[in-house]
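Asker: As you go down the protein sequences, you meet chains H and G in turn. Numbering-wise (the working numbering), the first sequence opens with residue 2 and increments by one. Numbering-wise (the working numbering), the second sequence opens with residue 30 and increments by one.
Everything labelled a hint here was simulated from the structure, so no lab data went into it. From the three backbone atoms N, C-alpha and C, an ideal C-beta is built for every residue, glycine too.
Calculated pairs, DSBU-like style, for lysine-lysine (alpha carbon to alpha carbon, straight line, at most 30 Å):
hint, chain 1, residue 1, chain 2, residue 2
1, H, 127, H, 48
2, G, 90, H, 176
3, H, 86, G, 67
4, H, 133, G, 114
5, G, 98, H, 161
6, H, 85, G, 67
7, G, 108, H, 252
8, G, 117, G, 94
9, G, 121, G, 90
10, H, 225, H, 248
11, G, 35, G, 90
12, H, 248, G, 100
13, G, 98, G, 125
14, H, 40, H, 21
15, G, 100, G, 125
16, G, 33, H, 182
Just so you have them, the derived chain G footprint on chain H, three or more residues with Cβ under 8 Å:
hint, stretch
17, 159-166
18, 169-181
If you want the building blocks of each chain, they are given just below.
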Amino acid sequence: MKFVHKVSKGSRFNQIYIPKEFENHFEVGDLVQVELLEKNTKLYYSKKIELSSFKKRIIQEIFSCLNNLKSISQIFVFGSFITKKADYNDIDLIIISDIITEKQVYTLLLEKLELKFHILMIPESKLKELEKICPLTRSMLYYSISNKPFFLEKERVIDKNHINFLLMMPEDILKLNVDGKTIYNALRRLETIENFLNNKEENPRKIEKDVEKLIGEKISCKLKENTPLAQEETKRLNEIIKSKLVKIRKK
Amino acid sequence: MSKKDKISELTNILSKALRHRIGSIVNEHEIYAERYSKDSDTLIKSAQDISLGENWSIYDKAEIKTLLKKKLQKELEEKEFINEKKFKILDKELEKVLLFLELN
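Given the sequences, and given the hints that come with them, work out the whole structure.
Answerer: Structure representation (structure tokens):
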């Protein structure tokens, strides 16, 4: 004789009630065994994101696997795994915790799911601060799925040192020979910083579209595929980067 | 490209890569250094491409180290927004990258 029931919250202990129709079968003193069939893991979406049931199940498994670790206060899944249909390499995670290490989380997930993860550890005390000062963090969390409710901080605070730090790479690109993807990422970063400084949303999908509009579809494809650029094209991109840097510096 | 030019380019890239790495370690808000160290990794990979195509003598390696230290010192001095602790870890990070590229 068996039945399936949900665990309910009790004032001192959580409990499982025996359904009325089974009360004669399960009596006080009988020996029973309780087995976990499915974890109740809710997904909290930052924005409307269309996800296949396969991806939803993976995310639920990630949350369920990490929910047992009390030192983790919140988990976020973000990046191409949830924003692109198939064009993703790994699953990006932000783990909010003061104690656990990235290696511990990675090992646990790898053992359970055998998938590639990219994990960022953020101490709980730093998350709110980063939301305010970091354009890249805001962009990462714009489309994200969490195990707990989450609302992106509206207030933006300009921390010049932090912005300068983020601008180092686009500046370096002007002086070095780097591949197309690095240039593309630098352009996306500049666009994100510009939006942040203009108090505009750091929507990564929109940012990609804006970059494509700025440099043209042909060059955009070349950069993403690491196809060598013509001298004229490199010159044009350098001009765009320079002018964006000037604009940002004036803010 | 002559060997001298290669040493110059290699040390240019590495000095910037190390500046990124050191900045992500010492700056208070660059707490998720691992994410930003991708910037540094990207540049180190470019340096590796240059380094692998050449047979470096011990004299070349010594020259690379001296030149790199000089350039890195300058890079770090110019970036005032990177915490002052940067100079304390300069040597350690420099040694690490040279070891990685088998240039020590």
